[in-house]
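Trainee: All chains should be modelled from the sequences, with the hints used to inform the complete structure.
Number of protein chains: 2
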Amino acid sequence: MKKIISIVASVLASCAFASAQQALGPGTGLVSPEINPDHSVTFRYNNPKAITVSVAGDCIEGRVPGGDGMAAMTQGKDGIWTYTTKPLEGELYSYSFIVNGQKTYDPSNVYLKRDVASYTNYFTLSVEKYDKGYWYEVHDTPHGSVSKVWYNSPSLGGTNRRLTVYTPAGYEDSKEKYPVLYLLHGSGGDEDAWSDLGRTIQILDNLIAEGKAKPMIVVMPNGVYFNSSAPGYTVNMFQPTMLNSRSDSTKEIEESFPDIIKFVESRYRVLKGKNYRAVAGLSMGGRQSCALSLAHPDTFGYVGMFSGVVPPSSQEDEARYAAVFKNAPKLYWMGVGSADGVKANYDKERAFLDSKGYKYEYYESDGGHIWRNWRVYLTIFAQKIFK
Amino acid sequence: MKKIISIVASVLASCAFASAQQALGPGTGLVSPEINPDHSVTFRYNNPKAITVSVAGDCIEGRVPGGDGMAAMTQGKDGIWTYTTKPLEGELYSYSFIVNGQKTYDPSNVYLKRDVASYTNYFTLSVEKYDKGYWYEVHDTPHGSVSKVWYNSPSLGGTNRRLTVYTPAGYEDSKEKYPVLYLLHGSGGDEDAWSDLGRTIQILDNLIAEGKAKPMIVVMPNGVYFNSSAPGYTVNMFQPTMLNSRSDSTKEIEESFPDIIKFVESRYRVLKGKNYRAVAGLSMGGRQSCALSLAHPDTFGYVGMFSGVVPPSSQEDEARYAAVFKNAPKLYWMGVGSADGVKANYDKERAFLDSKGYKYEYYESDGGHIWRNWRVYLTIFAQKIFK
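Protein sequences appear in the order of chains A and B. Taking the working numbering, I'd label the letters of the first sequence as residues 1 to 387. Taking the working numbering, I'd label the letters of the second sequence as residues 1 to 387.
Hint data in this document are derived by calculation from the structure and do not stem from the laboratory. Treat the numbers as computed from the prediction; the structure is a model and nothing was measured. Built from N, CA and C at the ideal position, the CB exists for glycine as well. Keep in mind that a hint or two might mislead.
[Claimed, not checked] Dumping the calculated DMTMM-like pairs for lysine to aspartate or glutamate here, alpha-carbon to alpha-carbon at most 25 Å:
{"#": "1", "chain 1": "A", "residue 1": "Lys-177", "chain 2": "B", "residue 2": "Glu-265"}
{"#": "2", "chain 1": "A", "residue 1": "Lys-113", "chain 2": "B", "residue 2": "Asp-196"}
{"#": "3", "chain 1": "A", "residue 1": "Lys-86", "chain 2": "A", "residue 2": "Glu-34"}
{"#": "4", "chain 1": "B", "residue 1": "Lys-113", "chain 2": "A", "residue 2": "Glu-210"}
[Stated by the list, open to error] Far from chain B, some chain A residues (derived; all Cβ distances over 12 Å):
{"#": "5", "residue": "Asn-100"}
{"#": "6", "residue": "Pro-107"}
{"#": "7", "residue": "Val-110"}
{"#": "8", "residue": "Tyr-130"}
{"#": "9", "residue": "Pro-142"}
{"#": "10", "residue": "Glu-172"}
{"#": "11", "residue": "Pro-215"}
{"#": "12", "residue": "Phe-226"}
{"#": "13", "residue": "Asp-259"}
{"#": "14", "residue": "Arg-267"}
{"#": "15", "residue": "Tyr-268"}
{"#": "16", "residue": "Thr-299"}
{"#": "17", "residue": "Pro-312"}
{"#": "18", "residue": "Glu-318"}
{"#": "19", "residue": "Ala-322"}
{"#": "20", "residue": "Ala-339"}
[Claimed, not checked] Which residues of chain B face chain A? A few of them, derived with a C-beta cut under 10 Å, are:
{"#": "21", "residue": "Asn-47"}
{"#": "22", "residue": "Lys-49"}
{"#": "23", "residue": "Lys-103"}
{"#": "24", "residue": "Tyr-105"}
{"#": "25", "residue": "Asn-109"}
{"#": "26", "residue": "Val-110"}
{"#": "27", "residue": "Tyr-134"}
{"#": "28", "residue": "Glu-137"}
{"#": "29", "residue": "Pro-142"}
{"#": "30", "residue": "Lys-148"}
{"#": "31", "residue": "Arg-162"}
{"#": "32", "residue": "Ala-169"}
{"#": "33", "residue": "Val-310"}
{"#": "34", "residue": "Pro-312"}
Mentor: So this is what it looks like as structure tokens:
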């Protein structure tokens, strides 16, 4: 009985309110995550009164390569919970803590990223030069500029729309003209997604500095035709969801995309013509890239479809493909994960392209419908264009 | 006894791990915060198994105006915790949930901001035109561009440093030249602080659209001379603290600031000369603005010190002030909160300026050393310069 009362007391006390004035983040005094010499990573979390704490993320072994796993953290006598992973490969890893069953963030780590409406902490790790993590980290190279600008889209009723533009190092100090990669996000995303989640800035800075990609401008528009901009930049502060931030139809994007090209080609010093324009996107943006190449067969010399493609389903579609491949793009590139639900579409698309003798490149990676794959596809695709 | 066992069981069960795969954020299905017709705000949080949940923030009445308060949330039969504030004035409000004594975020609200290493949710509320919230919200106006660019600082050993630049709507499409406001952050901050926490973009867009401020370029540098850029843009991903992100000495900033001006005046279409340059900053940045005006008496025609000032303490200092006020700045503006610890410095500075007959403007607000005040000071200061 005494023991039970003592348990009740301690459990209740443990859950009672401590102090809202406690120093958080800067004052946690903990190093988390810590990358160890063997490239394992240790997480630490100070919450003496929690009953259970787990760490969940893609740095913990899951069922699918690159998918999320979860592991219980162990509480030390000091009340601090810890967990150390296996040695990891170079990569950008995401994780959260699960405290008494509720997801929260690691208060010792300011690196937090938003995907649709969900936040996770992250860290990068590079084990050797040119591994995945290497491309995603910041190195001591010249850096490009990143601008958030607004353009008017007459095709979408004259709305003012927000756009992210990466101009490579040296752009402002030269008179040179540059080719342009148009890079499209997926459902739930916006014009901030590729720069914040896709490491586009770091990948391009690094590939260009290493001489592996041509200096190029990267334009990242908002691909949801009825949203003008990312959360925080609209008149009403909306909460993004997968439903309110996706365009199932590609028609509006096909029709309004020339507004973007016109804006970019008048505002920036760019090389014009098919061979200096690439379009690529992930998931919904992959479907849009496919649709844009079909709707504007003379506009893009390079087309990239990352985990999103629309295989032809009618004779009309086939006629549009014929128009594209009559004067074939220099590169028609498709990447998908072996565990991705959309892979069946890729099989269908490839069978069709093969049957017609249309040239394309296909890249299959491990894993599913995840940013880990899209970062890899961008790293590969960016090295193949404008050459 | 049975009752006690049942309590133990339910408390333990409540704290047990639920599921890491639960939908978070987009799938919470809750509206939080919800702004009610009477301008009170309701917070909702779904955590049936929590023992205590509070909401802490500046929308809850605290001891000091604008300071943080805290209130217990009430759990409904559906397990959802709620709390409704009193009717609120127009403002940008910050809050966090405190769950079983640990700070966490509101998973229904994607609006999250980082101050040094601490994250809090936020929302804006405007009750009437031109109240505080009005200036901080996005309106259907033309929007300026925001760029993250890099400049080389020979005075700081040739380091490549990151800079935020706001160019007003119309800048790119005109040939006009613009005046420049240099806006400096405080300890723990970086070149992202004024745009992310200070609502600089929205304040300037709105003031310019309403004809209350002159169109101007705003340059937000990193004011910590040994940091090249904000977290995430350095070679080593560092965790910012108040200690590793502050420069107690103003000497390096005084010496290296001409590198920034030189860069801005060669890269952008700007009006040159003292009457087209303003410098202002908060806390450490206020001290730096004060020091910059003394070190470069012919450079800035407008000087703003927000909760940071360095009153003269020697005859040498007094001689420097004399040099500044010989050809006095058009505006020497000081703002501080009545509950701010640095207010004594302002009293000392004012007594000195009065004794010499040097002209200045002084603005005292409620509250302490907080962003709420700095946003107000920027809104006031921006309307007074370049006129």
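Trainee: Hint by hint, note whether the structure agrees.
Mentor: To see whether the hints hold, each was checked on the structure:
1. A:Lys-177 <-> B:Glu-265: holds, 23 Å
2. A:Lys-113 <-> B:Asp-196: holds, 15 Å
3. A:Lys-86 <-> A:Glu-34: holds, 13 Å
4. B:Lys-113 <-> A:Glu-210: Measuring from Cα to Cα gives roughly 34 Å; hence the hint is violated.
5. Asn-100: violated, 4 Å
6. Pro-107: violated, 7 Å
7. Val-110: Val-110 of chain A not clear of chain B: closest Cβ-Cβ about 5 Å, inside 12 Å.
8. Tyr-130: holds, 17 Å
9. Pro-142: violated, 7 Å
10. Glu-172: violated, 6 Å
11. Pro-215: holds, 15 Å
12. Phe-226: Correct as stated: the minimum Cβ-Cβ distance to chain B is 16 Å, above 12 Å.
13. Asp-259: For Asp-259 of chain A, whose nearest Cβ neighbour in chain B is about 15 Å away, the distance exceeds 12 Å, so it holds.
14. Arg-267: violated, 6 Å
15. Tyr-268: violated, 10 Å
16. Thr-299: holds, 24 Å
17. Pro-312: With a cut-off of 12 Å, Pro-312 of chain A remains clear of chain B, as the shortest Cβ separation is near 33 Å.
18. Glu-318: Correct as stated: the minimum Cβ-Cβ distance to chain B is 37 Å, above 12 Å.
19. Ala-322: Consistent with the label, Ala-322 of chain A stays out of reach of chain B, its closest Cβ about 40 Å off (over 12 Å).
20. Ala-339: For Ala-339 of chain A, whose nearest Cβ neighbour in chain B is about 16 Å away, the distance exceeds 12 Å, so it holds.
21. Asn-47: Check passed: Cβ of Asn-47 of chain B comes within 6 Å of chain A, closer than 10 Å.
22. Lys-49: Holds, about 6 Å.
23. Lys-103: holds, 5 Å
24. Tyr-105: With Cβ-Cβ at 7 Å, under 10 Å, it holds.
25. Asn-109: With a minimum Cβ separation of about 7 Å from chain A (threshold 10 Å), the hint on Asn-109 of chain B holds.
26. Val-110: Because about 5 Å separates Val-110 of chain B from the closest Cβ in chain A, which is inside the 10 Å limit, the hint holds.
27. Tyr-134: violated, 12 Å
28. Glu-137: holds, 8 Å
29. Pro-142: Check passed: Cβ of Pro-142 of chain B comes within 7 Å of chain A, closer than 10 Å.
30. Lys-148: holds, 5 Å
31. Arg-162: Where the cut-off is 10 Å and the nearest Cβ of chain A is about 8 Å from Arg-162 of chain B, the hint holds.
32. Ala-169: holds, 8 Å
33. Val-310: Not OK, violated: Val-310 of chain B not within 10 Å of chain A, min 25 Å.
34. Pro-312: violated, 32 Å
Hint compliance for this structure: hints 4, 5, 6, 7, 9, 10, 14, 15, 27, 33 and 34 are broken, all remaining hints hold.
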